[in-house]
Amino acid sequence: SAVISQKPSRDICQRGTSLTIQCQVDSQVTMMFWYRQQPGQSLTLIATANQGSEATYESGFVIDKFPISRPNLTFSTLTVSNMSPEDSSIYLCSVVRGAEETQYFGPGTRLLVL
Amino acid sequence: QKEVEQNSGPLSVPEGAIASLNCTYSDRGSQSFFWYRQYSGKSPELIMFIYSNGDKEDGRFTAQLNKASQYVSLLIRDSQPSDSATYLCAVVLSSARQLTFGSGTQLTVLP
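Chains as they are written, first to last, in my numbering: chain F, 97 to 210; chain H, 992 to 1102.
Heads up, some of the hints might be wrong.
[Unchecked claim] Here are the simulated DMTMM-like pairs of lysine to aspartate or glutamate, each with C-alpha atoms no more than 25 Å apart in a straight line:
(1) F:K161 x F:E150
(2) H:K1047 x F:E150
(3) H:K1033 x F:E150
(4) H:K1058 x H:E1006
(5) H:K993 x F:D183
The hints are simulated quantities; they were obtained by calculation from the structure and are not laboratory data.
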């Protein structure tokens, strides 16, 4: 498995502001992803965080709204920009580990936008 | 058609019974299949993965894969109240390396 930490664990933010979420892994990983889970919904992939290059975004997600950094193989940040109440969700980072390429999730960041 | 489909439930079973959770997928080229358990307010926790047709057992859990029918299931034997959670089926599609999730099935095990 993998030890993954996220900061902050939760936050309450005002409309129009931005929040940066950090994800730290206990050892180097190649694949790192950011997901969103809206209330009562399943997980939706936002983007793949690529080390040394721009993130790869899924349909419906854009860099201006969700800028991502991946400065090294153990750390990534996701920023939720110009927030609105619709951005209220759990944001999860995830890494791939092992020969079977199994995917493990961090504890999540619970965001409420007022 | 959704890429990964699950019955949303809720599914209720009595304690000690077998809980059967089902998942179908649309991409015939998919090769990797995963089951995650998510307790309310927590992040998903990997239970099992399966790559080959047939059954894979791990303790009280058995994953079953039928690629011809594009069907994967999870059986939980001797269900316990602590198994009450949402179970997420996830598939690595042939065109990607990341997981695509189903909507999840909410399971309640009644004491």
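Item to check | Violations among the numbered hints, reported as their numbers in ascending order | outcome: 2, 3, 4
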